[in-house]
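Dock chains B and C with the ligands against the given chain A, drawing on the hints supplied.
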Amino acid sequence: MINSPFVRKPASVQSVMLQVLLALVPGIAAYAWFFGPGILVQIALATAAALAGEAAVLAIRGKPVALFLGDLSAIVTAWLIALTFPPIAPWWLTVTGTLLAIVIVKQLYGGLGQNPFNPAMAAFCLMIVAYPALMSQWPAAGQLDAGTQLELIFGGARQIDAITGATPLDALRTALRGAADPASTLHGLRAAQLMDGPAFGLIGGHGGEWVALGYLLGGLWLLQRRIITWHIPLAFCAALFAAAGLLWALKPEGFASPLFHLASGGAMLGAFFILTDPVSGATTARGKLLFAAGAAVLTYVIRVFGAYPDGIAFATLLMNICVPLIDMKTQAPVFGHKKD
Amino acid sequence: MLTAILIMTGIALVLGAVLGFASIKFKVEGDPLVDQIDAILPQTQCGQCGFPGCRPYATAIAGGEAEINQCPPGGEEGIRKLADLLGREFKPLSEEHGVEKPKAVAVIDEETCIGCTLCIQACPVDAIVGAAKQMHTIIAADCTGCELCLAPCPVDCISMEPIAETVDTWKWRYPVFTIKQAA
Amino acid sequence: MLRKLFNFHGGVKPATHKEESTLSPIAPVPLPDRLVIPLHQSVGGHPRPLVQPGDRVFKGQRIGAADGSLSSAVHASTSGLVRDVVPAVMPHTSGLTTLSVIIEPDGDDRWGELERVNFRSTPPDELRDFLRDAGIVGLGGAVFPSHLKLKPGKEGALQTLVINGAECEPFITCDDMLMRERAGDMLKGIIAMRHMLQAREVLIGIEDNKPQAIAAVQAAIAASGETGIEAVAIPTRYPAGGAKQLIRVLTGIEVPHGRRSTDFGVQCFNVGTAYSIFEALERGRPLISRIVTVAGNVDAPRNYEVLIGTPMDHVVRLAGARAGTDRYIMGGPMMGARMPAFDVPVVKATNCILVGSPALFPPPPPEMPCIRCGECAKACPADLAPFEMYWHSRAKNFGKAQEYHLFDCIECGCCSFVCPSHIPLVDYFRFSKSEIWAREREKEAADTARDRFEFKNFRQEREKQEKAEKLAAKAAATREKVGADGSAAGAAAASSGTAPAKPSGDDAKRALIEAAMEKARQQKAQVQPKNTDAATPAVQAEIAAIEARRQVSATHPTDAPPDRPPSSGA
Ligand code: SF4
Ligand code: SF4
Ligand code: SF4
Ligand code: SF4
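Residue numbers (my numbering), protein chains in the order written: chain A, 1 to 340; chain B, 1001 to 1183; chain C, 2001 to 2570.
So here's chain A without its partners, still in its complex pose:
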C-alpha cells in the first residue's frame, strides 16, 4: 500500500548516473584527441565487461537484471576504470580489472549502494599491485598511432621499454631523483628545467592538461546540475594545492608547482568523479570536506614519495576506510539543537 507522500520528484538513480556519464564526455574527447583512439576501445571493453559481469551476478543473486543494469552505475564504474588504466593496457587487463570491480568489490559487498570501497579505484589498486609494469606504461600524447595502439591492446608480446614512457608525474619524480643524485646526468637541474621536455605542457603533462580541463568542465556542469556538491571538489583541490604549495614554496627547485599537481594525473577526475562517488564517500557536509582533504594530502604524499604513477586510487581507498568514522563524528546538529 502506498502512503504519503503520493507525489515524487522525477529523479532516479538512472538519470543521476546518466548525467555523470555525460559529464565525462568532454574529458574523454580531449583524451582521444591527444592520445589516440585507444581510450575509446578501452571504454568499450570495460563497459561490455561491466555489463556482462553485473548481469551474471544479478542473475545468480536472483535480482531483477534489467532494473539494475538500467541504473547505469556499472557503466560509470567501467568508464572510470578505462580512464584510469593506461590507454594501451592489454585488453585482458582492462577486462579483468572491470570484472574484479563489479563482481568482487561491488556485488559481493551487496551490490549498488552497499560497497564500502570505490570499485574503480579498488580495481586499479589490485591491478597495479599485480601487474606493476603493464599498469605503468603510458604513451605520451601523439606518440603512438591508432594502429600501434590497437596492436598493443589486442596484440600479444610487446617490447615494453621501446615504446612507452611514463606519465609526466612519474617522469618528473624520476628526473627529480636523478637531479638529487650527483652521479646522474641530470644533476643540478631544477624542477622547472626538468619539466621542459616534450612530455610536459603548459602547466601539466602535455595533452593531459587539456584532458584535465575537460574533466573540470564536466565536473562544473555536475555541480550546476546539483548532482554533486561543492564540498569534495573544492576541499580536494584546495588541500592538494596547499600541500603541493607548501613544499614548493620551501624548495621550489625540488618540487613541482601546485598547479602542475592539479593539472596532472587523475587530480581533476578524482576531485569531480571519483571521490564524489556517494556510495563509498562521506555524506555529511563537514565529513565531505574532511574526506576530500584527507584524500588530497594522501594523494600528494603518494605521488611525491611513493613508487606508483599516481596516488589518487590508494588515497581514495584509504579514505573510504575512514568514511564510517568521519560520518559518525561529523553529524550536523538537527533542527532546534543548534548552538548559536
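It should be emphasised that the hints constitute simulated quantities derived from the structure, not laboratory data. No residue lacks a Cβ here, since even glycine has one placed at the ideal position from N, Cα and C. Do not rely on the hints blindly, as some may be mistaken.
What the hints assert, rightly or not - The calculated label-pair distances, taken between Cβ atoms and stated as ranges, are:
no. : chain 1 : residue 1 : chain 2 : residue 2 : range
1   : B       : E1110     : C       : V2043     : 32 to 38 Å
2   : C       : E2444     : B       : F1090     : 24 to 30 Å
3   : C       : D2343     : B       : P1162     : 38 to 44 Å
4   : A       : G147      : C       : A2015     : 41 to 47 Å
5   : A       : V25       : C       : V2043     : 41 to 47 Å
Said to hold, decoys possible - Derived DMTMM-like pairs (lysine to aspartate or glutamate); straight-line CA-CA distance at most 20 Å:
no. : chain 1 : residue 1 : chain 2 : residue 2
6   : B       : K1101     : C       : E2435
7   : C       : K2443     : B       : D1035
8   : B       : K1171     : C       : E2440
9   : B       : K1171     : C       : E2444
10  : A       : K329      : C       : E2403
11  : C       : K2396     : C       : D2408
12  : A       : K63       : C       : E2367
13  : C       : K2396     : B       : E1076
14  : A       : K329      : C       : D2383
15  : C       : K2400     : B       : E1077
Claimed, not checked - Which bits of chain A does chain C cover? Going by a derived footprint, with three or more residues having C-beta under 8 Å, they are:
no. : region
16  : 7-21
17  : 109-122
18  : 133-142
19  : 276-287
What follows is chains B and C with the ligands alone, placed relative to chain A:
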C-alpha cells in the same frame, strides 16, 4: 625493512595499550546479569519456561541451568535479544515449552463465577479482584495473559480474549520491499 | 516595511495545483442522510458520550464531554435523532473503528441555546474551559486542543503569536479561501487569542503565492485599527507551513522536538482555528463545521463548508467525482493519509479531501537500494540524515535510528519526495516510530507486572509469617486463658461452696471454640481481598466500578447484564 617492522610493532603496541586502557577506564558498570536477563523477559510470569516466574528463569539462565529458548511469550524476538546479550547462538523456541501466541487478557464470565477465590490465588500479578462467594473481576490493564487462572476455575468461567488493536496501539507496517515484485 | 525573514534548511517545491480550487467561493453542502461523528477527534483523551440512541439533539448540542484537560468536547453538527452510539470506521489509514455518534438529521438544522462570552471580561481559566467545551482544536491538521495552548508561558506574557496561513501543501486552499472571504472575523479570533496570551506582537505568515489572501488580511488589519499585528508574506517552499518551520521563518527561533514553544516566547495557531475561536466566543457556536478543499480527480475542485460527520463521498459528489478514482486522501499529497473507505466522515482534522487516481498519483517506480547520495538530507527541513535513519530502521535497529534523532522527524515527506532510489523513507520512519512506541508500552507493562509479581510474593510471605505468628500467639493465649479460667472457676466454686452444674474448665474451652467459629464465619462473610492494598487510585476506581456493577447484578441475579451502565437519563 627492519625499521618498517619496528615501526609497525611500535604502532601496534601503542594502539594495544590505548585500547586496553580505554576498556578499563570506560568499562560500563552494568546491572548484574540476572537483572539484564530479567529486563528482556516479558514478565508474563506464566511459568511455561518451567520456572515459577520470569526472575527464577533469569537466574537459571544466568547460572547456565536453562536454555534461552524456553519462554513462549517472549517469542523469537526475546530469544534473539537473549542470544545477543549472552553471546549465545540463536535457536528457535523450544516446542515443549509452548508456542508464541498473540497477547490476550483473561475475562471472567461474571454470571457464572461462583466466587471461589481460586483464581485470585493463582494469579501471579494480583490482577483479579473479588471476595469469597462474590463475583470476581479481572483488571485488564494488569493482566499479563499468563493463563494461570484458567485451570483452577472449577466452573470454567474464565476465557482468554485477544487484545483488540486500537488507534493508539496500531502500528505502521514494515514497508514492503518491492524490488522482487518488479522483477 | 520589510521584515527580516529567516530561512529553514531543506524543503522542496512540488507543483502546487492550488489555482483550480480557488476559482469559486466557499460553498455550503446540503445535509447528508446520516452524520457519523467520532467522539475522539483530537489529541488526548476519548470524550465520554453524553447521548443515547433515541435522543433528540439540537445543532451545536454537546454530545461528547472532554475527558480530562487534555481532551476536547464534540458537538452535534445539526439537529436530529441519535440513531446509535457505536464504533464506526474512522478516517484513519488503519481502518480501525472508534466510538461514534450516528445522527439522522431532521432537516430543520435548529440551533440549541447559544452562549456567548466576552473574552475581555472573563477570567482566562473560564475562557479556556469554555473553549474546551466548544470543542476548539487546531484545524491545521494536528488537532491539538487549543485551550491548552492558550496559556502564556512562565512570564505571563508571550513575545510573538504566530498565525499560520502558510498552507504549503499542494492542492489545499481552505486557509487561503478562509482568509480571502472571512479575514475580518478571523482577525477578531486572533485578537481574542492575543488577549489570552498577552502577546506583544502577532505575525500572520502567508506564503507569497496567495497575494489575494495577503491583501485581504492586510485590509482587515487596517480596518480594525489594531497595532502590532502584521501579515507577512513568506517565500513559497514546502514545508513552510509546518509550525516549527513557520516559527523559524518569522522569528528565527528553532523550537526543538519535545519542548513547548511558549518556553521560547512563541505560540502558533492555524488561521482556521482563529476563525473557529471567533465563532465560539462571539456567536456562541461550537466547532461543528470546517472548510474543506475537495481537489484532485474531480471535475470542479472547490472549497466547501462541511459539517463534521458528513461522509466524504457526499462532499466529493458535489465536486463531480471522475472515473478512475481509487482512493481518498485526507490532507495533501505530501503528508495526507490514505482513507480506508470512501464514506468515512469528515472530522475536525480534515482540511482537504484529495481524490486520488492512479493517473494522478502513480505508484512510485520500484524501490532501489540507497546510494547515499544525500539528496534526502539536503531536503530535510529538520536537518536530519534520513538515509542513516532509513538504514537502521530497515534493519529494525531502532536504538540506532533514535540516535540519529528519529523523533525529530516531522514526517513531512520531503526525503521520500526527492529520493532518486524511490525509497519510501517516511514509511520506514513511521514504522520505526510506532514500533518504538509499542516497545515502550510493552516495557511499561512488563515493569508493572514485575512489580506486582514481586509484591504478591512479598504479600504471600508476609501473610504466611503473620499467620504463623498469630497461630503461635493464639495458642499461647488459649493455653493461658484455659489455665486462668480453670483456676478462677475452681476458686469461685470453692468459695461459694455450691458446685456449678458443669465443670468450668470445659465450659471455657467450648466458649472459646464457639467464639472462634463465629469469628471465622464473620471473616468469611466479609473477607476483603488483600491484594488491593498496593493499587493505584486509578485501579481503585476501577475496582469501585466493578463493585458497583457487582451490586447491580447481585440485586438482579437472573437478569442478563445490561448493555451499558444504566445512566440517569440526561
Ligand atoms: S515463560 Fe512465562 S514465566 Fe517463564 S520467562 Fe517467559 S513469561 Fe516469564
Ligand atoms: S488474570 Fe489470569 S491470565 Fe491474567 S495475569 Fe492473572 S492469572 Fe494470568
Ligand atoms: S535520497 Fe534516497 S538514495 Fe539518496 S541518500 Fe537519501 S535515501 Fe539514499
Ligand atoms: S520526513 Fe522526516 S526525515 Fe524526511 S525530510 Fe521530513 S523531517 Fe526529514
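Measure nothing beyond the straight line between the CA atoms of K329 of chain A and D2383 of chain C; if it is 20 Å or shorter, mark the hint as holding. holds (16 Å)
20 Å Cα cutoff - pair K1171 of chain B, E2440 of chain C: Between K1171 of chain B and E2440 of chain C the Cα gap is close to 13 Å, so the pair holds against 20 Å.
Assuming the hint says 24 to 30 Å, is it satisfied by the Cβ distance from E2444 of chain C to F1090 of chain B or not? At roughly 27 Å between Cβ atoms, F1090 of chain B and E2444 of chain C fall inside 24 to 30 Å, so the hint holds.
Would the hint linking K1171 of chain B and E2444 of chain C be met if the CA-CA limit is 20 Å? holds (17 Å)
CA of K1101 of chain B to CA of E2435 of chain C, is that 20 Å or under? holds (18 Å)
Does the beta carbon distance between D2343 of chain C and P1162 of chain B stay inside 38 to 44 Å, or does it fall outside? violated (28 Å)
Counting residues of the region 133-142 of chain A with a beta carbon closer than 8 Å to any beta carbon of chain C, are there 3 or more? Answer violated; 0 residues pass the 8 Å Cβ test.
Quickly compare the C-alpha distance for K329 of chain A and E2403 of chain C to 20 Å and report which way the hint goes. holds (13 Å)
Need the status of pair K63 of chain A, E2367 of chain C: alpha-carbon distance at most 20 Å? holds (13 Å)
Outcome of range test on Cβ distance (G147 of chain A, A2015 of chain C; 41 to 47 Å): violated (56 Å)
Between K2396 of chain C and E1076 of chain B, is the straight-line Cα distance small enough, at 20 Å or below? Answer holds: K2396 of chain C to E1076 of chain B is near 14 Å, not above 20 Å.
Assuming the hint says 32 to 38 Å, is it satisfied by the Cβ distance from E1110 of chain B to V2043 of chain C or not? Check passed, 34 Å falls within 32 to 38 Å.
Of the numbered hints listed earlier, those contradicted by the structure are 3, 4, 5, 18.
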